Each structure stands twice: as structure tokens, then as C-alpha cells.
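Participant: Sequence:
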Amino acid sequence: VVCLVLLCVLLLTAVIVLCVHIYTKNTNCTQETKQLLTNDTNLTEERDELIIKNANLLNKTVQLINQLSILVNFSTRRYRWVRVNGNNYLTLLFTDEWIYYQFSFYYMSNKTKNWTESRQDCKKKGADLIIINNREEQDFVTKITDKRDFWIGVTDSDEEGNWKWVDGSTLTTGFWASKEPNGKRGENCAVTYLTEWPELIGWHDVKCNDAFRLICEKSIFPLIQREIS
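Per this note's numbering, residue 6 is the first one in the sequence shown, and the count goes up by one each step.
Since the hints were made in silico from the structure, they are not lab data.
Warning: the hint list may mix true and false statements.
The calculated lysine-lysine pairs, modelled on DSS-like cross-linking and capped at a C-alpha distance of 27 Å, are [what the hints assert, rightly or not]:
| id | residue 1 | residue 2 |
| --- | --- | --- |
| 1 | Lys148 | Lys184 |
| 2 | Lys212 | Lys148 |
| 3 | Lys128 | Lys118 |
| 4 | Lys184 | Lys169 |
| 5 | Lys116 | Lys129 |
| 6 | Lys152 | Lys223 |
| 7 | Lys184 | Lys118 |
| 8 | Lys223 | Lys118 |
| 9 | Lys116 | Lys223 |
| 10 | Lys116 | Lys152 |
| 11 | Lys128 | Lys116 |
Ranges of calculated distance between the beta carbons of each label pair, as one might list FRET restraints [to be verified]:
| id | residue 1 | residue 2 | range |
| --- | --- | --- | --- |
| 12 | Glu102 | Asn64 | 37 to 45 Å |
| 13 | Ser183 | Lys65 | 19 to 27 Å |
| 14 | Gly131 | Lys152 | 26 to 34 Å |
Quantities reported herein were computed from a predicted structural model and do not represent experimental measurements.
From the three backbone atoms N, C-alpha and C, an ideal C-beta is built for every residue, glycine too.
Start from the sequences and build out the full structure, keeping to the hints where you can.
Facilitator: Dropping the structure here:
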């Protein structure tokens, strides 16, 4: 009888241990299942985000391709390459006078006029006196002007020493010659170069009523917009 009781106790203990093990196993499986479901949800959300991003990138790519096609078509029909002072530049076919560089067209005239008259001439062409934004554009201007003096679209006529471009923006980076500007109230406009000072490379401030050549500049984007519309 004692042996039977002991056997029953052992069997009961074994059953309890087995039940605990099964419960623990099931609990772990449930937690793992929840974690897998969470991971799956996160992956699904990430996948959806990637799909949306890919769709947006595709749309932008299509837009860029369309814009490029318009630009290529526009340029091919209206412009050609010419050589100016040893450099190749794209120019307007119907005038052969506008030079294309970095999304702008430039027009140079050898007629000498004062600063105000020169600006008026540029405006008649749908442009304005040149605004030089950076070193690359300054180097470009140096090449095409070939050490000749041209008006640029900057002046301090309104406030001495406060040089402003013709679009109203303040001059922050200038490419002045050594010791320039130096004219005080008497010299409120600027030119790319002065032939009487060949050793001084860079801008010079001069009297606005002096007579120099002009460089006009206009952006390509309004031309493209007109082509699209």
C-alpha cells in the first residue's frame, strides 16, 4: 500500500511538472508569435513606405525626363555652338549675339554708353545688366570680355559704400581689382576691367556718366516656360 501511495505521488508530481513545462512552452510560443506578428506589421509598414517613396521617385524621374526633353528640344531648335575668344559657347540661332552659360544668356555690345543708358538698352532686350554671382561666372566673364571694359549691374548710387545689384540684392562677394572700389561719391558704378590699368585685374568703380560697353544677362527659365506654355 505504501508503495502504491508513493507511486501515485510520483506520478502526480510528474504530471504537475509536465503541465508546468507545457504551460511555460505555450507562453513562450505565444510571446514569440506576438513578436513575430509585431515584426511582420513593422515590415509591412516599412514596405508600404518604400513603395510610396519609390512611386514618388518615379514621378520625379518622369518629371525630370520631361523637363530635360523640353530643354533639349528647345536648345536643339533654337541654339548652336560657336567659338568666342577660343571658348565654345551656345548662342541663339536667330541673333548669333546671345551667349549661353549656366542657365543664363549674355549679350555683349561694343557700343559705349553711360550706365543708365546701357541698362535701358538691356531692358529693351528683356534683360538687365549682368549680375555676377560667383567665381565661375566671373571667370566666364573674364574670358568672353578678353580684357575689355564692360558695365556690370552693380551700383552704390543710393548709399555710398552699399553696393547693390540691379535686382535689389546686396553685393556680398565682389571681384574688385586691388584697392578698389576707391572713388567715393564720384564713382558709383562699376566695370569689369579698365584698359588704362591693365595690370589691375578685376572690377573698378567709375563715374556712372562715363561711356563703356555693356553686358546684358537674362535667365533661360522664362524662355523655357514660354516654350512649355
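Participant: Where does the structure disagree with the numbered hints, that is, which hint numbers, in rising order?
Facilitator: Hint 13 alone not satisfied by this model.
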